[in-house]
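The task is simple: from the sequences and hints, build the whole structure.
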Amino acid sequence: MKVLKIRALRGPNLWSQHTSIEATVFCDDSENKINSLDGFETRLRERFPEIPLLQTAGHHDSITLAHVLELTTLTLQTQIGCPITFSRTANTPELNTYRVIVEYTEEKVGRLAFEVALQLCTAAIEDTPFNLTDALSHLRDLYEDIRLGPSTGSIVNAAITRNIPVRRLTNGSLVQFGWGSKQRRIQASESDKTNAVAESIVQDKELTKRLLHAAGIPVPLGKEIDNANDAWLAACEIGAPVVVKPQDSNQGKGVTVNLTTQEQVESAFAIAAEFSSNVLVERYIPGNDYRMLVVGNKMVAAARRNPPQVIGDGIHTIQQLVEKINLDPLRGNGHATSLTKIRLDEISVSHLAAQGLTIESIPAKGIRIVLRNNANLSTGGTATDVTDDVHPELAARVIAAAKVVGLDICGVDVVCDNVMYPLEQQGGGIIELNAAPGLRMHLQPSYGKARHVGETIIDYMFDKNDDARIPIVAITGTNGKTTTARLIGNLFERNNQRAGVACTDGVFVNGQCIDTGDCSGPKSARNILFHPDVDAAVLETARGGMLREGLGFDRCNVAIVTNIGMGDHLGMAYVNTAEELAAVKRIIVQNVASSGYAVLNAADPLVVDMAEHCPGSVIFFARDNLHHPVLATHHAQHKRVIYLQGQHIVASGENGEHKIALKNIPLTQDGSIYFQIENAMAAIGAAWALGFDWKVIREGLSSFISDSQTAPGRFNLFNYRNATLIADYGHNPDAIQALVSAIDNIPSKKRSVVISAAGDRRDEDIRLQTRIIGDAFDKVVLYQDQCQRGRADGEVISLLREGLGNASRTRKVSEIVGEAIAIDTALSNLEDGELCLILVDQVEQSLGQINHRIALG
Amino acid sequence: MSERSSSNSCTTKKDLRFINFKHLNGPNRWTYYPTTEATVDIGELEDFPSDKIPGFYERLSAWLPSLIEHRCSYEEHGGFLRRVKEGTWPCHILEHVTLELQNLAGMKGGFGRARETSTRGVYHVAVSAWHAEIAKTAMHFARELILAAMNFEQLSSPSYDTAGAISKIRDMVDSLWLGPSTACIVEAAMARNIPTIRLLSKGNLVQLGYGNKCHHIWTAETDRTPAIAESISRDKDLTKTLLQSCGVPVPEGKIVSNAEEAWEAAEDIGLPVVIKPCDGNHGRGVFIELSKREEIESAYQIALSEGSEVLVEKYIAGTEHRLLVVGGKLVAATRGDSVSIIGDGHSTISELIELQINSDPRRGNTEDHPLNLIRLDSAAKMEITHQGYDSNSVIPSGVEVLIQRNGNHAFDVTDEVHPSTASIASLAARIIGLDIAGIDLVAKDIARPLNEQGGAIVEVNAGPSLLMHIKPAVGTPRPVGQAIVENLFPNNDNGRIPIVGVSGSYGKTAVSYLIAKLLILSGKRTGLASSNGLYLDYRQIDKNDNANWVAANRTLMNPIVETAVFENSFDAILNEGLAYDRCQVGVITNIDANCHIGRNDIETVQQVFTVLRTQIDVVTSTAAVLDDVKKNISLPTGAAILNAKDEMAIEIAEICDGEVIFFSSEAKSPVIAHHCTNGTGPTHNKRAVILRKNTIILTTGTHELPLIKVSEISSQSSSKPNTHEIENILAAIAATWALGLEINLIRRGIETFGLNQQKFKPENQDLSINVHPQGIYL
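Sequence order for the protein chains is A and B. Numbered by the working numbering, the letters in the first sequence go through residues 499 to 1355 in order. Numbered by the working numbering, the letters in the second sequence go through residues 318 to 1095 in order.
Since the hints were derived computationally from the structure, they do not count as laboratory data. For every residue, glycine included, the Cβ atom is placed at its ideal position computed from N, Cα and C. A portion of the hints provided could be inaccurate.
Which residues of chain B face chain A? A partial, calculated answer using Cβ under 10 Å [to be verified]:
| no. | residue |
| --- | --- |
| 1 | Val439 |
| 2 | Leu517 |
| 3 | Gln561 |
| 4 | Ser562 |
| 5 | Gly564 |
| 6 | Ser848 |
| 7 | Tyr852 |
| 8 | Asn870 |
The following label-pair restraints were derived from C-beta to C-beta distances [what the hints assert, rightly or not]:
| no. | chain 1 | residue 1 | chain 2 | residue 2 | range |
| --- | --- | --- | --- | --- | --- |
| 9 | A | Gly1331 | B | Asp585 | 20 to 28 Å |
| 10 | B | Asp762 | A | Asp1205 | 43 to 51 Å |
| 11 | B | Thr1069 | A | Gly925 | 29 to 37 Å |
| 12 | B | Asp762 | A | Glu1110 | 42 to 50 Å |
| 13 | B | His703 | A | Val847 | 51 to 59 Å |
| 14 | A | Thr659 | B | Thr1069 | 44 to 52 Å |
| 15 | A | Arg829 | B | Ser574 | 28 to 36 Å |
| 16 | B | Gln618 | A | Ser635 | 29 to 37 Å |
| 17 | A | Ser635 | B | Ser574 | 20 to 28 Å |
| 18 | A | Pro581 | B | Asp585 | 36 to 44 Å |
| 19 | A | Glu1197 | B | Ile572 | 44 to 52 Å |
| 20 | A | Gly925 | B | Tyr823 | 32 to 40 Å |
| 21 | B | Ser625 | A | Pro627 | 34 to 42 Å |
Right, dumping it as structure tokens:
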């Protein structure tokens, strides 16, 4: 088997809405039917017993190795706990070539799983050994390493449930919620409202306690000391028992509690001094450790944390008892499982020593041995949910504590005997505050009720009905995408929304160009959705990006398909027919929000067929009157249609109709440029779908100017000497056809054209372009452009020539190498009253050249 | 806050002996600002005014020439030195020398007083003291200097190391006082009448504003600086990725994990390149314009030691600029400059650096120096190696050697920044999410748009230093502190909460309690510090005597408190100063001078006046406190609440900058009659609260409103209320009326709580406050 190509589809795509790996594989004849590989399935099952049935009941046709690869890749991922379900294998038009598509949740894991699956299949074919355990643990490690931790994960899942878009900004825990100007961020359990000063304050525990004390919150006030002797003096002053700890202790490292003797205090000092040069002695508050979580103005969860401990059986040593406990599958090595393995490290050993024990001691039956004083889950402790038991006065102190330091999301460490009474009543206190608190003990307490704190945090960050989305208009089609995109951008701006427009002309935010070149792919879409100044996104969505990577967004409010026509780029990436192309472009329609609209060209049957794939509603438009059957039917059902009535565009729907005169839409040149009427209709449909005021729509249409400045290469009209020049980027038969019909409305004595073609188009498409030209122009200048996209020298020109074979109008044809020379030649030979259409490829340069010529006069 | 001097008891007779030091943290009997008050025994020096000590004037003016600026009572340049020449007493000189030493060491403050006590030769010397320890040290050095200048030891060439003393004080300032960035924000806040509280004795954490109106700053970070934004800005590669996706120009770059990769990346990106640590600080380990493989590889090693990962970046030609964005606006910009030396044919590079660069007086190692000293650090060494030299190379005459690029951001270019560049900088800060961002940008000409010259943003910094903008070596200092304060406190908000200060001889505790009760009723989270304890709403936080500076300060630090009532005993004002610089309402319940005379060196009625007036001096004068408390309290100006029966109160009324409201249990008092006819104080308001025929009446001079009959006020005691109890009620009503509480609410509150004052009588002090059934508001 040969793998021809592997891609990650990072958004909704041709196959599904899931993020997936798409591999193109070639199977040789034997692999095309696995039944022909003797004993293959048996060998595969020996190596990977969990692989599901290769053939469903009742089917007898042999499946291909590509299918096996698909199932293996899927099952490897589900084996390590990835929540995925989707996979499929699709035929391609090429013989024995398949595409294997398997969902992933983490791209790297998906890619690795595919690789492992390939190795597994190869091993099964060649009957070589395969170490499944190693492979799975390798995959699992990678998955654990890159997936979000439990705290961040819980918040992210809550956001997904609330339909809030989620995007990871790093491999770590920095996550963006929402889009554009509505975006918010978290990093682990810190929100973007968690302030840096508060974070610094809580890192200084003494300062924190001073501030809490100032606000009347009970805290064990302490003293900073710098030698063992002073530690003891401080202990005497504060009154035993005391705690000795490093000033910036992390996860309880170096902390020793409940000290009463000089010896204890001094040795505790030595331990603490290893972690920090600043050591503190403070009042020891007896009781249990509690962790309470404050989110906003609420205490949302509380857990009692118990230190790791073993219970003697009179037989086993402490070490053996610990090993026994660690066998519990719930205990893992990191944060991923609800409990962490108990470690018998130096701190435990010294804690045992303080009790006169070693790890070899055998405690009597029923004797409870505490292994360390620290109750953190990360050192093997357990957590018990006590949220419902917390006394309101105690909760009030905890909330006040977070407020005093200024933390919106805060883990408050409380020590007291029982949370059912106020702190003051039992001499309890708050000992520490934590920014970015771990949520694991609340999400998966060892005992008691789980608290959905991820949801709480999301509900705190986002109002009830706020999904942090900005409106997205996605546009695809063969021609007119860019002009429509920019016109809609103008409508948004008229509506006081800062628009981000990504199109083949570049990326524009609030009218400013921030990126140039072809920006109609998913990367540009993601950039727009990340930009903090964008209130609405208009995304030209080209075929290439959709095939390569899927969409750059999960859902859009409006999907516009301008037309498919005869199609463009056919023959590339297994898309050979206009129907197949329609299936690709349909992706944006399939991913319209249920409250959204698809705006579809009713005059194009392939586009009309997309309507049934739209989860939302449909607005049909056509440069035709209401008698057009598609429009008429839709209209009869009281659904929205946009059509032409004389010199007006009419939008008619459930709430009556609105008329806009073509003369008020400068883009259409008083209605003379037909394809611009269609573009205007599509834009009107989008604005209508988004509920714009009609006044805004009218203003937006009338203020939109399309010239070589604002829309370079989009039917730019020039007057040069006594001739008319039109520069356009048209490069497919539909575009040429549209240009020809637009030109029909412009009076001219003679017509000439400067034309080339992109080499990556099919022969027939190149010929078709000149076939249209030949019936409409008197003079043709053929040129060979800069990049031949894989064609041999002169090949494109000769195809263009062939198209002119039966030309009814063309009398003169010339051939030139180089766009600039071709334009110069055409301009030099202009006659009075001539109309010259220049099909530009290097848009900026050629427009510059034309402008220069005009300036010279 | 007082401390016995440790100097031994058998002093020489001609000495300035410190008996004790007292630090007054806030407004006090001397002045509005923090003050250190020393009690000084000058013994025999009482007989030695300065003109009687030969050579003293000459030595003093030589050792501390800047004393010429002290105008003193002559109100003229050189006024103080003229006093010295003509003869003045040592404590007066001590005052001036202390202040001058503090000023020279970088501490502001120009207030000083020296006053005799009733004991001969013993004086109180009070000086501005923004930091107690610094002021005390300055005073000790001042004493040494003065004694040395007096030269009673008859040394042939008496001398004093003034520079040494100043440098020791300066060291203290550097380690104990606010850094320049923080200080500039704090000063801007003070200029806006926003109160400030320093929260760390060493360090730059400062609270601006009081209670729930406060904001915190820590150097140039605020409580609006998201921790996430700060952590993004520390990751240079992530920062660039995010900026780039929004179209902000950044240099192309790559993270590399070994020296070889660094070279490969450099070749990919295109030479020359910049090598820097991914998360380093202050330009450490940053190497610019490298083209040779060896250079790149050795730069990689050094950069690695400064951070966890190393970034190879395209070199952007141009000069480094620092743009400061605050609240989305560009507020300052500086240009960095390269540092070079020019050879003289015989000096080495090291020598030339000292001779030509470090000799500049603007260069130094303290934060107050606008330019840093130049050291041949690893980057500088690399730079000169690059040019074919080492530190001992002798540079031919006239040859220029580059020592450091982008060394100092010392040239203000704020007005030159092209508007499009300013908006890109603002966008960059917004992308990262920073309210205050220092943006490092490389451009050839900051006055031209970035894209046309290939300029780029190379870094975004959280908590940027402001020094380069406050003290540019060349150009205009920029009001960056103001911009930061404006961003935290927009729309003239001054971060204040309504504060009521209650002082007087008797009844303070009861009056504070009643006022607090009424404020709680109005729905405000109320802090109360009184001798009966410290309270937040109904909850007693501390049951000890809390009528002191610490308790009031605690309350003002509490971001939950919306309004506060402070009892200030006479002794607390005298010994600690007030905890607040301004209050809306100042109450003096009554004045019995005999209560205070005879303690703490207070001997005259005038001294009693000086202490108690402090409470009225701080009453808000104008509409400084905006109408910020929407529902129940709105107060255009501050008010003094005074007892019409106290003669001294009438005198104090004259010095009040706000409104005066008198209260009186005698309706026919001539003071009330005069007040209601003519008004009192700058506003000539005529409001008063009086008792007539057992009815408490609010009068505006023209209108009267009977509030409540005494018989309607519930009381737990059966005996008839005495005059003191009635007056306490009148004072509390006047205060809450001044605060703008609704009349009905005041009436209802007084009806319920008015006469339940017995718990404040000494014999009942142990009674605890009942927790209100409604519990605690959150």
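Structure-based check of all given hints:
1. Val439: With a minimum Cβ separation of about 36 Å from chain A (threshold 10 Å), the hint on Val439(B) is violated.
2. Leu517: 6 Å, holds
3. Gln561: 9 Å, holds
4. Ser562: OK, holds: Ser562(B) within 10 Å of chain A, min 4 Å.
5. Gly564: Hint holds; Gly564(B) Cβ to chain A Cβ min 2 Å, cut 10 Å.
6. Ser848: 17 Å, violated
7. Tyr852: Since the shortest Cβ distance to chain A is 8 Å, the answer is holds.
8. Asn870: 8 Å, holds
9. Gly1331(A) - Asp585(B): 20 to 28 Å: Violated, since Gly1331(A) and Asp585(B) (Cβ atoms, about 55 Å apart) do not stay within the stated range.
10. Asp762(B) - Asp1205(A): 43 to 51 Å: 32 Å, violated
11. Thr1069(B) - Gly925(A): 29 to 37 Å: 34 Å, holds
12. Asp762(B) - Glu1110(A): 42 to 50 Å: Taking Cβ atoms as reference, Asp762(B) and Glu1110(A) lie about 59 Å apart, which means the hint is violated.
13. His703(B) - Val847(A): 51 to 59 Å: 55 Å, holds
14. Thr659(A) - Thr1069(B): 44 to 52 Å: Once the Cβ atoms are compared, 50 Å apart, the range 44 to 52 Å for Thr1069(B) and Thr659(A) holds.
15. Arg829(A) - Ser574(B): 28 to 36 Å: 34 Å, holds
16. Gln618(B) - Ser635(A): 29 to 37 Å: Taking Cβ atoms as reference, Gln618(B) and Ser635(A) lie about 36 Å apart, which means the hint holds.
17. Ser635(A) - Ser574(B): 20 to 28 Å: 25 Å, holds
18. Pro581(A) - Asp585(B): 36 to 44 Å: Since Pro581(A) and Asp585(B) have Cβ atoms about 38 Å apart, the given range 36 to 44 Å holds.
19. Glu1197(A) - Ile572(B): 44 to 52 Å: 48 Å, holds
20. Gly925(A) - Tyr823(B): 32 to 40 Å: 37 Å, holds
21. Ser625(B) - Pro627(A): 34 to 42 Å: Taking Cβ atoms as reference, Ser625(B) and Pro627(A) lie about 40 Å apart, which means the hint holds.
Taken one by one, the earlier hints fail for this structure at numbers 1, 6, 9, 10 and 12, listed in ascending order.
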